[in-house]
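Q: With the hints as constraints, model all of the structure from the sequences given.
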Amino acid sequence: MYADYAYLIVGLPVLAFILTIFFGWHLPRGGGFLTVLATFTGFLISAGIFLETFPEKVVHQSMHWFATLNVGILIDPLAIVMLLMVTFVCTLIHTYALGYMNGDPGMARYFAEAGLFTAAMLGLVYSDNLLQLFIFWELVGLCSYLLIGFWYRKPSAASAAKKAFLTTRVGDVMFLAGIILLYNNMAKLGLPEGTYLLQFPVIYENLTKIDPTQLTLVSLLLLGGAAGKSGQFPLDIWLPDAMEGPTTVSAMIHAATMVTAGVYLVARMFPLFYAAPYGLLAVAYVGGFTALYAATMGLAAFDIKRVLAFSTVSQLGYMMLALGVGSVVGAAAVGVSMFHLIGHSFFKALLFLCAGSVIHAVATNDLREMGGVGRYMRWTAGTMAIGGLALAGFPGTTGFFSKDEILVTAWEYGAMTHDYLPYLFGIVAALLTAFYTFRMWFLTFTGEPRSDYHKHESPWIMLGPLVILAILALFFGMPAQERFYETVGNNFAHYGVDFEELAPIGGHAVEHGGEHGEETAVHEPFIIKILPILVGIGGILLALLFYSPWKKLDIRKFVGEKDLLRTILVKRYYQHEIFTAWFAETVVYGISLIANIFDIRIVDGVLNKISETTLGFANSIRRVQTGVIQNYITALVFGIVVLVIVIKLAMEVGL
Amino acid sequence: MISNAISIMIAVPLIGAVLAFMTRSRGQARLVALIASLVPLALALQMYTEFDKSSKLMQFVESYDWVPSIGVRYTVGVDCISFPLVLLTAIVSVLVVIYAWGENHRPNQFFALLLLNEVGVLGVFTALDFFLFYIFWEIVLIPMFFLIGIWGGPRKDYSAIKFFIYTHVASLVMLLAIFALYFTYRLPDGSRTFDMLTLLQATSDKAIFPPGLINAIFAGLLFGFLVKMPAFPFHTWLPDAHVEAPTAGSVVLAALLLKMGGYGIFRVILPMLPHVDKAFVTVIAVIGVLSIIYGAFLALAQKDIKKLVAYSSISHMGFVTLGAVAFTWLSVQGAMFQQFSHGIITCALFMSAGTIQHSVGTRIISELGGLADRMPKFASLMLAAFLASLGLPGMSGFVAEFMVLTGSYATFPMYTLLVVFTSVGVTAGYHLWACQKVLFGPILKKYLEIHDPHAYEILAMSAIVFLTLLFGLQPALITDMMGTAAHQVMEPVVTLSQMGVI
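Going line by line, the protein sequences match chains C and F. Heads up, the final residue of the first sequence is numbered 1791 in this note's numbering, and it's a clean run with no missing numbers. Heads up, the final residue of the second sequence is numbered 530 in this note's numbering, and it's a clean run with no missing numbers.
Be careful, since some hints might not be right.
To be verified - Within a straight-line C-alpha distance of at most 25 Å, the following computed DSS-like cross-link-like pairs (lysine-lysine) qualify:
no. : chain 1 : residue 1 : chain 2 : residue 2
1   : F       : Lys-405   : F       : Lys-474
2   : F       : Lys-405   : F       : Lys-473
3   : C       : Lys-1688  : C       : Lys-1698
4   : C       : Lys-1290  : F       : Lys-331
5   : C       : Lys-1345  : C       : Lys-1324
6   : C       : Lys-1290  : F       : Lys-405
7   : F       : Lys-306   : F       : Lys-234
8   : F       : Lys-331   : F       : Lys-465
9   : F       : Lys-465   : C       : Lys-1290
10  : F       : Lys-405   : F       : Lys-465
11  : C       : Lys-1707  : C       : Lys-1693
12  : C       : Lys-1687  : C       : Lys-1698
13  : F       : Lys-331   : F       : Lys-234
14  : F       : Lys-473   : F       : Lys-331
15  : F       : Lys-474   : C       : Lys-1290
16  : F       : Lys-306   : C       : Lys-1324
17  : F       : Lys-473   : C       : Lys-1290
18  : C       : Lys-1290  : C       : Lys-1707
Simulated from the structure, these hints should not be mistaken for lab results.
A: Here it is in structure tokens:
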């Protein structure tokens, strides 16, 4: 019954968008309550569908769109967990924004764009075909562009918005190419007339018939798209800059929802990645490397939101890694990755909202100007500590369970393929994560104030969401874990995807059977089991030693201001210099300038030469341009008459 | 069902043009223009409801003897290839009159020329007799020449002449090719005919048209159409014409005149394509690909926002060439949809440039900044138009490009991927760069006094944004026809008498 109203999950936020953009100016708080209400109703419908379908059923509705394409809704376990998470977290963030954005003259625009974003994100999640997913994928990118540039009068915001759009666009180009390739490969199979070639169930069903090389190409292109959206190396440069937007935007789009779309795409297309030789290998390496790489940059950041942005990139890397090592554990990897995605969305949204609460009060992003804030903002400090613990993977928190599972799976992958690199990336990144998270926390909340900031706690409309998210960050993990892995891990069983059959195409057969054999399932040694706990707590302790009021060590003794390593980290590995300044502004713009000169000098120049020499161009301007309309019309009529006469004559002479 | 719908559709703007020319005040002239352009729109919408979208036959055909001694007939009709463009012409003509509502330099002539232009374009899209077709094709040059020459910018003389001579030379080459068709083919009773479908059908007969002749004819026609589109390397008249033309002229030029070239490709070139040298296919595809990529890079290099938009037209029209010559059902359909979609979107782009010009006084991008602060409504519309043009899904441009690229991959995989990997990114780049520089950032001090443009300009732009959304979300409104048309161009030509419509 609820499934009949599934379209409203997208429809209501769209309605809220239309209402707020046209009438929001006249409503209290920019009509933000409309957006909250629409999103919350979406949550209720999603919950209804969840209760209806769990754990056996799948909702699939589809209708013809145009040409050979369709639009449709597909709600399976993979989609429903995302729907629930997005509607729930967005409801909380919109509510928080009612307080956070209060007084901003563009509040109506904010809630309109936030509503549109919510709609697009939800549409992305329950699309039943790849093209529709791409359309919503671009729309969330658009909303991200609009919201990063929300304060468009600030040049840095306008520039960050453009950078975000263009960088993700690089990924989108690959995504689009992937769709084109996949469509053409599907079209060659001679499926019955009227089959929608980009529908997920159709794709899953026909994977075995597609040439493996093509599958690899498609999967790499899709991975490129996912890397753009989810800020994976080397397309991660936009995400830290995206922090120019309001903090609620960072929490909603650049932490909890949109940036996870890339991971969701890989999860959604997992059977294809699994069947493609090297597909998952690439995912594992990109993810693992990004997890570590972003974590190192987090060490040296002084902007509270950027620290969180780097950690988001790093955690998204973990999710990718979890999917990538799926080549040894099969579809169970989807469950592991998605569990981290959901848990992460809770504690990362929490962390960003806490950061927003701090920024709202002290009016600066810079950690060096904070210090001692915890004394005045006890609720914020407490909830942020919980979020930090979850992010660091402190035992018992939500983040602990999900990250632990990823690391164990990565170790299994190493044991089976003798490739321990992804695991190493993961475990080192876990240590760094715990360290920089608590570096940030201690610098913000403890010690003495390092500048003269406003000292007050945020209003309850902002603290309420923090408390709810903190509860989830603490207690969601343990009870949900097992059911979650089981349900989401078996998502593709609904479509009859046979991973045994796909494995040989993807080259995973050796790992599954072969010399190791399934009966000798890997048993990780004790040290591997407790290592995630050790690095998590170890990182926190290190931060305590360096940055807390009880510090025993001075960071300056270890790293000087001018050290090469530190400079590289502060400069973010010179990515801006390489991608923006060199590639975009020098190479691409340079080509266009050369083309422009070519156009003026050669293409048009040759033309002008021809006309000057053979037609006496310059003279003819003066003679023709008499400026009297009658002359021209006479000339034209005369011309037509001459034409007719010529034809008649030609016929007379029998041409 | 209205009989003679097409003739009325052509006659009303013609009468309107004469009346508008004779009016004494701006108020009268623009009112006449509005009414005279609303009538074709109403007729087109009525025809849309009656139109059979699944039929490959000519509909609403009218045919009368005109100059029987040389085989010239007045034959007009529409099918799935031409009707979407008729609809486009009717829509754009109304919006351009609305946008130009405040024109006060010789308004009676201005509106008369706009209406005359509509006459020519509608004629081109509906004529089924080569002679008639050519007359309408040439008629279109006149209003555009004067729109540039009288209402144009500082270099209007150079641009107007260049526009006229360049496209006129191309038309003459096309005319020679038409004559070659005309003088080669005889009807069974020995007489000659200008009937388009009969002549096109005859081109498949190798006995009548030996390979050398048909290749020459084909090349002549192709040249005429490619210049009009315009395609690289025949495009240099376009930026000059656009930069100097008044806004309404630019809108009509980009939205309608360029489409005549594309229409020629579908109506004339594609039916002949299977019978000519295979090398043509590669040549046309390369021209299409180069136009797309080259146009995009050039747009990025422009300092004048109107010139940027002009080069974006070249890039976007390249999709029409590529999709058409790729010759798959999806790509041809996409190319047709690109004609329609670009026709709509480009209106809003040129209107944006025009509004900037007369609100701020300059179009040089580096001298602009922060306009969103003072012109919020305009800024939203301009941003929407630019996003539509860069191919944002949900708006019509994306649908067209997706169909062209997906369909073309089957024929030209490498060319298609080249386009995807170079132009899509650069296209997003120049659109967003322009928006950022013009609209965002702090408002410059010298622009503190500016404000949102007149309501009629906002109205015209809003209507276009609405249409791009409508056709982006519900493309089937028009792609149903194009799906039929795409089958039609890939099958042998059927003449009117074989169709049984005359």
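Q: Would you check the hint for Lys-306 of chain F and Lys-234 of chain F, treating anything up to 25 Å between C-alpha atoms as holding?
A: Holds: Lys-306 of chain F and Lys-234 of chain F sit about 15 Å apart, inside 25 Å.
Q: Could you grab the alpha-carbon distance between Lys-474 of chain F and Lys-1290 of chain C and see if it respects the 25 Å cut-off?
A: holds (18 Å)
Q: For the pair supplied as a hint, Lys-405 of chain F and Lys-474 of chain F, is the alpha-carbon distance within the 25 Å limit?
A: holds (20 Å)
Q: Is the Cα-Cα distance between Lys-1687 of chain C and Lys-1698 of chain C 25 Å or less?
A: holds (23 Å)
Q: Do the alpha carbons of Lys-331 of chain F and Lys-465 of chain F lie within 25 Å of each other, as the hint requires?
A: With a Cα-Cα distance of about 11 Å, the restraint between Lys-331 of chain F and Lys-465 of chain F holds, given a limit of 25 Å.
Q: Taking 25 Å as the top limit, are the C-alpha atoms of Lys-1290 of chain C and Lys-331 of chain F close enough?
A: holds (23 Å)
Q: Is Lys-473 of chain F within 25 Å of Lys-1290 of chain C, Cα to Cα?
A: holds (15 Å)
Q: Please work out if Lys-465 of chain F and Lys-1290 of chain C have their alpha carbons no farther apart than 25 Å.
A: holds (12 Å)
Q: Against the 25 Å threshold, does the CA-CA distance of Lys-1290 of chain C and Lys-1707 of chain C hold or violate the hint?
A: holds (22 Å)
Q: Hint check: Lys-405 of chain F vs Lys-473 of chain F, CA-CA at most 25 Å. Holds or violated?
A: holds (20 Å)
Q: Within a Cα-Cα threshold of 25 Å, do Lys-1688 of chain C and Lys-1698 of chain C meet the stated pairing?
A: holds (23 Å)
Q: Holds or violated: are the alpha carbons of Lys-331 of chain F and Lys-234 of chain F at most 25 Å from each other?
A: violated (51 Å)
In terms of the numbered hints stated before, the structure departs from hint 13 and from no other.
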